[in-house]
Amino acid sequence: MSPSKTEHQLDARRLLCPLPVIRTQDAVAKLQTGEQITVISTDPGTKMDIPSWCRINGHEVKSIQESDNEIIITIEINHC
Amino acid sequence: MKQHKTQRKAVALISGGLDSMLAVKVIQKQGIHVEGINFFTGFCVEGHTHAIRKKHKDKQKRNNALWVAEQLGIKLHIVDVVDEYKDILLNPVHGYGKNVNPCLDCKTFMVKKAVQWLHEHDFDFIITGEVVGQRPMSQRRETMPIVAKDSGGNDLLVRPLSAQQLPATLPEREGWLDRDRLYDFSGRTRKPQMALAEQFGFTEYAQPAGGCCMLTDESYAIKLQDMWHNRPTREYELDDIIMLKMGRHFRLAPHLKIIIGREEGENNFMQGYKNQFVSIFPTSHRGALCLVDGEFHSDHERDTALALVARYSQGKNAPEVSLGIRQIDGSETQHSVTPMPAQAIKKEWII
Numbered sequence: 001m002s003p004s005k006t007e008h009q010l011d012a013r014r015l016l017c018p019l020p021v022i023r024t025q026d027a028v029a030k031l032q033t034g035e036q037i038t039v040i041s042t043d044p045g046t047k048m049d050i051p052s053w054c055r056i057n058g059h060e061v062k063s064i065q066e067s068d069n070e071i072i073i074t075i076e077i078n079h080c
Numbered sequence: 001m002k003q004h005k006t007q008r009k010a011v012a013l014i015s016g017g018l019d020s021m022l023a024v025k026v027i028q029k030q031g032i033h034v035e036g037i038n039f040f041t042g043f044c045v046e047g048h049t050h051a052i053r054k055k056h057k058d059k060q061k062r063n064n065a066l067w068v069a070e071q072l073g074i075k076l077h078i079v080d081v082v083d084e085y086k087d088i089l090l091n092p093v094h095g096y097g098k099n100v101n102p103c104l105d106c107k108t109f110m111v112k113k114a115v116q117w118l119h120e121h122d123f124d125f126i127i128t129g130e131v132v133g134q135r136p137m138s139q140r141r142e143t144m145p146i147v148a149k150d151s152g153g154n155d156l157l158v159r160p161l162s163a164q165q166l167p168a169t170l171p172e173r174e175g176w177l178d179r180d181r182l183y184d185f186s187g188r189t190r191k192p193q194m195a196l197a198e199q200f201g202f203t204e205y206a207q208p209a210g211g212c213c214m215l216t217d218e219s220y221a222i223k224l225q226d227m228w229h230n231r232p233t234r235e236y237e238l239d240d241i242i243m244l245k246m247g248r249h250f251r252l253a254p255h256l257k258i259i260i261g262r263e264e265g266e267n268n269f270m271q272g273y274k275n276q277f278v279s280i281f282p283t284s285h286r287g288a289l290c291l292v293d294g295e296f297h298s299d300h301e302r303d304t305a306l307a308l309v310a311r312y313s314q315g316k317n318a319p320e321v322s323l324g325i326r327q328i329d330g331s332e333t334q335h336s337v338t339p340m341p342a343q344a345i346k347k348e349w350i351i
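Line by line, the protein sequences are chains H and V.
At position 47 of the first sequence the residue is numbered 47 (the numbering used here), and the sequence of numbers has no breaks.
At position 7 of the second sequence the residue is numbered 7 (the numbering used here), and the sequence of numbers has no breaks.
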């Protein structure tokens with residue numbers, strides 16, 4: 001049984017590209033491999049940019065959800 | 001002295017355009033490990049407009065620097081320099097270009113930041129996509145050495161696309177890079193870059209030669225200069241420069257500007273500023289939200305603003321439109337006005 005993931009949340013609502021990515025980048029830098037962070041944003045560009053940032057940095061996007069004009073992305077950190 | 005290095009490392013300034021993309025590929029092909037760095041000044045073109053305006057909803061929304069990094073398989077470090085950049089914009093040593101673009105100071109600043117990053121992360125040299133003669137200010141044969149010197153990059157700054165036009169840098173002299181496999185591009189023509197892109201198999205890339213900075217945009221520059229001219233100080237915050245990108249701007253008096261949303265996406269975004277600005281909104285008809293930057297010194301100024309907002313509502317041909325004025329504290333007053341006819345809108349109001 002895998003250990004439970006430590007979860008963190010980042011409110012990036014009303015921030016425009018590329019600030020949600022920058023805030024994600026800065027938050028992830030403080031977390032450990034295996035921890036998870038959920039980013040809530042309103043800029044539709046984050047649907048592409050945050051997964052792209054995760055791919056180039058080796059982090060895993062666990063889920064992307066949209067509701068009420070908010071985009072909710074959960075990332076599992078992997079400081080490879 | 002650095003020892004036991006098996007692979008040299010370069011940090012590349014990534015704008016998201018073709019030139020920096022090519023520069024990285026050229027260096028990667030020489031076995032160098034490359035990571036990218038991208039600076040957010042607040043004046044990036046693509047992000048804000050696409051995010052705000054609903055009419056752009058069908059356009060692909062992506063950060064080109066991230067996209068380029070992914071195509072190249074490199075890490076990208078995005079650095080928020082909004083605060084530091086204010087001094088570059090407000091006090092450029094080398095002045096402005098055609099609009100309010102401090103290109104030479106800007107490039108020097110970015111290379112300087114990259115030098116700092118390089119030392120902090122134990123990288124060996126810096127690369128940029130600069131091409132001799134490509135840009136009228138920062139990429140001239142006379143100014144490119146200024147960037148290298150003033151930034152502290154000196155001979156650690158490699159411009160792979162124009163390297164053969166420039167003195168050999170340390171990585172070339174030390175044999176980390178083969179100068180013969182660098183390029184000699186110069187001038188404003190894009191043909192060599194296009195040909196190299198084809199050679200590398202790059203079939204998709206963002207608008208060549210950047211063009212990603214609002215400060216080079218005439219319309220934006222006029223709004224920024226108007227803001228500077230009518231405020232006691234040229235100091236600005238990020239919200240100020242974002243606001244200049246949205247809506248129709250009317251300067252009704254030195255102490256009063258109104259911003260009227262152009263469409264639903266902008267109106268929605270501007271709603272978020274209702275606790276920072278007095279706002280005006282039609283109540284009898286659908287229509288645009290208006291933010292008031294400044295204050296009304298008379299009922300006449302207030303009524304002029306109301307009539308303009310009514311003009312941009314669906315009641316523009318109605319005899320009367322009702323509107324609310326919301327104060328920052330949330331209190332509201334109701335008003336009715338005749339929409340302003342198009343011919344009554346003074347040209348000097350329009351920024």
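Mixed in with the good hints there might be a few duds.
Claimed, not checked - As a list, the in silico PhoX-like pairs of lysine-lysine whose alpha-carbon atoms are at most 25 Å apart:
(1) K29/V <-> K9/V
(2) K113/V <-> K86/V
(3) K30/H <-> K75/V
(4) K9/V <-> K47/H
(5) K274/V <-> K316/V
(6) K274/V <-> K245/V
(7) K98/V <-> K347/V
(8) K25/V <-> K9/V
(9) K47/H <-> K245/V
(10) K30/H <-> K47/H
(11) K316/V <-> K347/V
(12) K30/H <-> K245/V
(13) K245/V <-> K112/V
(14) K62/H <-> K25/V
(15) K98/V <-> K75/V
Unchecked claim - Which chain V residues face chain H? A few, computed with CB under 10 Å, are given here:
(16) Q30
(17) H33
(18) G36
(19) E70
(20) G73
(21) D80
(22) V93
(23) Y96
(24) F123
(25) L196
(26) Q199
(27) I242
Keep in mind the hints are simulated off the structure, nothing from the lab.
Keep in mind the model is a prediction, meaning the values are calculated, not measured.
By construction, the Cβ of each residue, glycine as well, lies at the ideal position given by its N, Cα and C atoms.
Report task. Determine which of the earlier numbered hints do not hold for this structure and return their numbers in increasing order. Result -> Hint check: 4, 12, 13, 14, 15, 16, 17, 22, 23, 24, 25, 26 fail, others pass.
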